[in-house]
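Number of protein chains: 6
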Amino acid sequence: MRIAVCPGSFDPVTRGHVDIVERAARLFDLLYVAVLDNTRKQALFPAEERVAMLREATAHLPNVCCESFTGLVVDYAQSRGADVIIRGVRSPSDCEYELQMAGMNRELAPGIETLLLPTSPAYAHVRSSLVKEVAVLGGSVDAWVPENVSRRLRERLQAKGGAGR
Amino acid sequence: MRIAVCPGSFDPVTRGHVDIVERAARLFDLLYVAVLDNTRKQALFPAEERVAMLREATAHLPNVCCESFTGLVVDYAQSRGADVIIRGVRSPSDCEYELQMAGMNRELAPGIETLLLPTSPAYAHVRSSLVKEVAVLGGSVDAWVPENVSRRLRERLQAKGGAGR
Amino acid sequence: MRIAVCPGSFDPVTRGHVDIVERAARLFDLLYVAVLDNTRKQALFPAEERVAMLREATAHLPNVCCESFTGLVVDYAQSRGADVIIRGVRSPSDCEYELQMAGMNRELAPGIETLLLPTSPAYAHVRSSLVKEVAVLGGSVDAWVPENVSRRLRERLQAKGGAGR
Amino acid sequence: MRIAVCPGSFDPVTRGHVDIVERAARLFDLLYVAVLDNTRKQALFPAEERVAMLREATAHLPNVCCESFTGLVVDYAQSRGADVIIRGVRSPSDCEYELQMAGMNRELAPGIETLLLPTSPAYAHVRSSLVKEVAVLGGSVDAWVPENVSRRLRERLQAKGGAGR
Amino acid sequence: MRIAVCPGSFDPVTRGHVDIVERAARLFDLLYVAVLDNTRKQALFPAEERVAMLREATAHLPNVCCESFTGLVVDYAQSRGADVIIRGVRSPSDCEYELQMAGMNRELAPGIETLLLPTSPAYAHVRSSLVKEVAVLGGSVDAWVPENVSRRLRERLQAKGGAGR
Amino acid sequence: MRIAVCPGSFDPVTRGHVDIVERAARLFDLLYVAVLDNTRKQALFPAEERVAMLREATAHLPNVCCESFTGLVVDYAQSRGADVIIRGVRSPSDCEYELQMAGMNRELAPGIETLLLPTSPAYAHVRSSLVKEVAVLGGSVDAWVPENVSRRLRERLQAKGGAGR
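Residue numbers (this note's numbering), protein chains in the order written: chain A, 1 to 165; chain B, 1 to 165; chain C, 1 to 165; chain D, 1 to 165; chain E, 1 to 165; chain F, 1 to 165.
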């Protein structure tokens, strides 16, 4: 049995993320989609809500398990018995960053490999940060995030008094 | 059972290639390392000799099968029952090319995924074309290719009257 | 009245090219789509046939004029009274090349501007050279080139004995 | 009549910006140069002062109108009847970002095109953020910003107690 | 006598930095390794401690002098009689940034050249920011920083209550 | 005494090359500008004529010595007692290639360092290959090459029957 983890911020999950998860889930027996709960980085959604949105968006995938983690990705991967870290890549500069991270993770945990999965061209321009920027400015983000995320995004921004500005 | 193919020119196989094959072989049940036999591109070694060198260099890997193929990579992958194409990436510009190829292959055969495996930092600067250039100019390439390849490279260049020039 | 030229090899024209031409045609009063007839570069199709395919593929655009040219792009642009050169860009490395060309063209003809038009994400991975490679290997290229080009490509490769190899 | 908008932070306007505006103004009948008034991003100059500096620097261009806007660029562009967004690009990584933004803007407002205008080589290394860094450290920025901006930059940094530090 | 300066944040110094300093020290008669004391950027270590760590790590290099500076790099270089700024580069995007900085520094001080020294492949993925991230998350960073830095990093993060989180 | 070599094709030398040579000559006691005489690559000018053009263009630099070489750059550098290879870089993709070459050369000859010198922004878009392309098409290249080269280029292309085509 081969187990993979797909770590990220997922703040919030986009249709590009879902596409990566769907494709990765076909390649491994068990796939953990893992929200990095980093207390030092300001996120729009708390980790639990990011996990909840991921679960809603991947409910149709039986071998996908969504959860949050703290600490190093390689430690988390080992705790799950995984030997593969999966990362989606949209562009050459994504790759440049991932090549560096893969180099460091390899020295931290030589038995764990990093695999890069190219994002589908249709989602190559979708970035969580830009999605939030558009949503804050009142634009529709339905094309880029699953329905449940679009609704939660509106609610959260209204709670923060951000939408319509 | 999950089957992957790792296609390339392998003209000749380098230590960087062997590193990628060793790591990919741990991630899949069966790995085909496949020499593209492209009659329109000038190669230093004929396809059969490239396959022979690959076999020597991967003899310690029981689930690796080396062979040559003609035609489209996706057709070859399907003929082997593979659902994954593995490609090593050394640098952002490698990635840029692979993202384009993955995009096209995905439209040719939607069921086959491309996974990019980052080259180990120790081999990130090793390229078959530069290896050949150094060998032709009489430099030692022992650090970059397996022993058997180094010997065959010398023989072939002597046969072509190229070494020492 | 503002006139633009959109120069290229178009060997052959792809759906990505057609998309660029359609969008550029809305931005200028008259758009010349110009095939560079470079006798020093080996092309699959002769310049006249490339122009013919472009005319078929842009027949629905009344303000588009397809023709071939020799010599410098800036000289050609000036001969048509154009003050803009339009180039489609798919990726950062496309841009790198275009920034250099724009720098040189600007010094050759300071009055002529280069404008880069981003390719639609759906076509960001389509390249004439890869299209030809796939066609030679017997793959279907219908997703990437207009119908008339697909047919001509098959005919030409059969004439050259290339398909099916 | 063709209308374009050239949006940006312009904090402050540089000679590179002015060069882009001058060249874009020749290509369109009316050009709006628009300061993004983003209350979530810390700017050195308030939006009104950035507009004032732009007006001073582009006073010689009769078909250029400087103003500020809030909200989405595409909404602003539509409010002005524009069908083109113009962005200056200095380098491949500028392009990478712009290709992503263009992809998102295209889906938000399919009728509006993004055109990238290569910065003149003489200004390819000028960035507002680096200009401010140099000015804060007491260096002369006269080569990179118009005269009026240089003066205002000194005044503002003195008011903030920043110069000479 | 030729004098060079090697400026940076060094927050903290890594084995990659030490490698660059060792190699640069062989190429010039005197090499100043200079910590930018930037009061506007949040650093983990105060400038004096960064200098102390550099001194410990370069104690074996007789022609290397470690110190801190404020203000512009080119002003500092001139104050030391240097005509060369040395910068290590790990990747194409490092280079892109350095090409811009070199362009600006050249206009600030035409007599001072910037030379880029490629990082050894073994350290190409080591970045101070990632080292700190790993250390905060409780991972071992011994492979990437000198021994003295590893110890100080642990102490500092304990003092800040950061380790183990 | 520190000796550097600046190797290249110089087919032909451009103003960008001369700028790099002038600046490098100030940083080292002796600078060899070395034309790679590669019999496997088609050059427009024979190696001797490329050396002659370099000598004319650098006649004002007393510590510069122009010559040709065959074989590996590192072997040539060692034969001249040099411990530095200088390479001009114009763009991130230039850097990417140079980082790979530097990695390989370092393993061939660990004592020899590669230093990258950023091209002046004014010449960042000048490439010998594009210069030749423009010259062949009858354009003026006076802005990009020294006077003597411009003349020789015209003569050679006339001899080959290339100009005016």
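To be clear, the hints were calculated from the coordinates, so they are not data collected in a lab. Among the hints, a few may not be true.
[Claimed, not checked] Pairs of lysine-lysine, DSS-like flavour, derived with a Cα cap of 25 Å:
hint, chain 1, residue 1, chain 2, residue 2
1, E, K132, E, K41
2, A, K41, A, K160
3, D, K41, D, K132
4, C, K160, F, K160
5, F, K132, F, K41
6, D, K41, E, K41
7, B, K132, B, K41
8, F, K160, C, K41
9, A, K41, A, K132
10, C, K41, C, K132
11, B, K41, C, K160
12, E, K41, D, K132
13, F, K160, B, K132
14, C, K160, C, K41
15, E, K132, A, K160
16, F, K41, F, K160
17, C, K132, B, K41
18, D, K160, D, K41
19, D, K41, A, K41
20, F, K41, B, K160
21, D, K132, D, K160
22, B, K41, C, K41
23, A, K41, E, K41
24, A, K160, A, K132
25, E, K160, E, K132
26, F, K132, F, K160
27, A, K160, D, K41
28, E, K41, E, K160
29, A, K41, E, K132
30, F, K41, C, K41
31, E, K41, D, K160
32, F, K41, B, K41
33, D, K160, A, K132
[As the list claims (entries may be wrong)] Just the calculated beta-carbon pair ranges, DEER-fashion:
hint, chain 1, residue 1, chain 2, residue 2, range
34, A, K160, C, G111, 16 to 24 Å
35, A, P46, B, S140, 51 to 59 Å
36, A, T39, B, P110, 26 to 34 Å
[Said to hold, decoys possible] If you want a taste of the chain C side facing chain B, the calculated C-beta under 7 Å gives, among others:
hint, residue
37, G8
38, S9
39, H125
40, S129
Computed from a prediction, not measured in an experiment: that's the story for all the values here. Just so you know, even glycine gets a beta-carbon here, dropped at the ideal spot from N, CA and C.
We went through each hint and held it up to the structure:
1. With a C-alpha separation of about 16 Å, the suggested pairing of K132(E) with K41(E) holds against the 25 Å cut-off.
2. Restraint check: the Cα-Cα separation between K41(A) and K160(A) comes to about 18 Å, which is no more than 25 Å; the hinted pair holds.
3. As the CA atoms of K41(D) and K132(D) are separated by approximately 16 Å, the hinted pair is consistent with the 25 Å bound.
4. Restraint check for K160(C) and K160(F): the C-alpha separation of about 31 Å exceeds 25 Å, so the hint is violated.
5. Annotation: proposed proximity of K132(F) to K41(F) holds, straight-line Cα distance about 16 Å (limit 25 Å).
6. A hinted pair counts as satisfied when its Cα atoms are at most 25 Å apart, and K41(D) with K41(E) qualifies at roughly 17 Å.
7. Taking the CA atoms of K132(B) and K41(B), the gap is near 16 Å; set against the 25 Å cutoff, the hint holds.
8. With a C-alpha separation of about 17 Å, the suggested pair K160(F) and K41(C) falls inside the 25 Å cut-off, and the hint holds.
9. For the given pair, K41(A) sits about 16 Å from K132(A) by alpha-carbon distance, which is consistent with the 25 Å threshold.
10. In summary, the hint linking K41(C) to K132(C) is supported, as the alpha carbons are separated by about 16 Å, within the 25 Å threshold.
11. Of the supplied pair hints, the one linking K41(B) and K160(C) holds, its CA atoms being roughly 17 Å apart against a limit of 25 Å.
12. Under the criterion of a C-alpha separation no larger than 25 Å, the hint pairing K41(E) with K132(D) is consistent with the structure, at around 14 Å.
13. The suggested pairing of K160(F) with K132(B) is violated, with an alpha-carbon distance near 32 Å, which exceeds 25 Å.
14. Between K160(C) and K41(C), the direct Cα distance comes to roughly 18 Å. Compliance with the 25 Å bound is thereby established for this hinted pair.
15. Among the hinted pairs, K132(E) with K160(A) is inconsistent with the structure: their alpha-carbon atoms are about 32 Å apart, more than 25 Å.
16. A threshold of 25 Å between alpha carbons decides the hint, and for K41(F) with K160(F) the separation of about 18 Å falls inside it, so the pair holds.
17. Proposed proximity of K132(C) and K41(B) is supported: the alpha carbons are some 14 Å apart, at most 25 Å.
18. Only pairs whose Cα atoms come within 25 Å are accepted, and K160(D) paired with K41(D) is accepted, the gap being roughly 18 Å.
19. This hinted pair checks out: K41(D) and K41(A) have alpha carbons roughly 17 Å apart, not beyond 25 Å.
20. For the proposed pair K41(F) and K160(B), the alpha carbon gap of about 17 Å is at most 25 Å, so the pair holds.
21. Under the criterion of a C-alpha separation no larger than 25 Å, the hint pairing K132(D) with K160(D) is consistent with the structure, at around 13 Å.
22. Distance hint between K41(B) and K41(C) is fulfilled; the C-alpha atoms sit about 17 Å from each other, no more than 25 Å.
23. Restraint check: the Cα-Cα separation between K41(A) and K41(E) comes to about 17 Å, which is no more than 25 Å; the hinted pair holds.
24. Taking the CA atoms of K160(A) and K132(A), the gap is about 13 Å. The hint holds against a cut of 25 Å.
25. Using a Cα cut-off of 25 Å, the hinted pair K160(E) and K132(E) holds, with the two alpha carbons roughly 13 Å apart.
26. The hinted pair formed by K132(F) and K160(F) meets the criterion: a straight-line CA distance of about 13 Å does not exceed 25 Å.
27. For the hint linking K160(A) to K41(D), the alpha-carbon distance of about 17 Å falls within 25 Å, and the restraint holds.
28. Restraint check for K41(E) and K160(E): the C-alpha separation of about 18 Å stays at or below 25 Å, so the hint holds.
29. Proximity of K41(A) to K132(E) is assessed by CA-CA distance (about 14 Å); at most 25 Å being required, the pair is judged to hold.
30. In summary, the hint linking K41(F) to K41(C) is supported, as the alpha carbons are separated by about 17 Å, within the 25 Å threshold.
31. With a C-alpha separation of about 17 Å, the suggested pairing of K41(E) with K160(D) holds against the 25 Å cut-off.
32. A threshold of 25 Å between alpha carbons decides the hint, and for K41(F) with K41(B) the separation of about 17 Å falls inside it, so the pair holds.
33. With a C-alpha separation of about 32 Å, the suggested pair K160(D) and K132(A) falls outside the 25 Å cut-off, and the hint is violated.
34. A C-beta distance of roughly 51 Å is found between K160(A) and G111(C), which places it outside the suggested range of 16 to 24 Å.
35. Evaluation of the 51 to 59 Å hint for P46(A) and S140(B) yields a pass: the beta carbon distance comes to about 58 Å.
36. Between T39(A) and P110(B), the C-beta spacing of about 41 Å breaks the proposed range 26 to 34 Å.
37. Because the smallest distance between the Cβ of G8(C) and any Cβ of chain B comes to about 18 Å, over 7 Å, the interface hint for this residue is violated.
38. With a cut of 7 Å, the hint placing S9(C) at the interface with chain B is violated, because the nearest CB-to-CB distance is about 17 Å.
39. For H125(C), the interface hint holds, since its Cβ comes within 7 Å of a Cβ in chain B; the closest pair sits about 3 Å apart.
40. Residue-level restraint check for S129(C) is violated (minimum Cβ-Cβ distance to chain B is 10 Å; threshold 7 Å).
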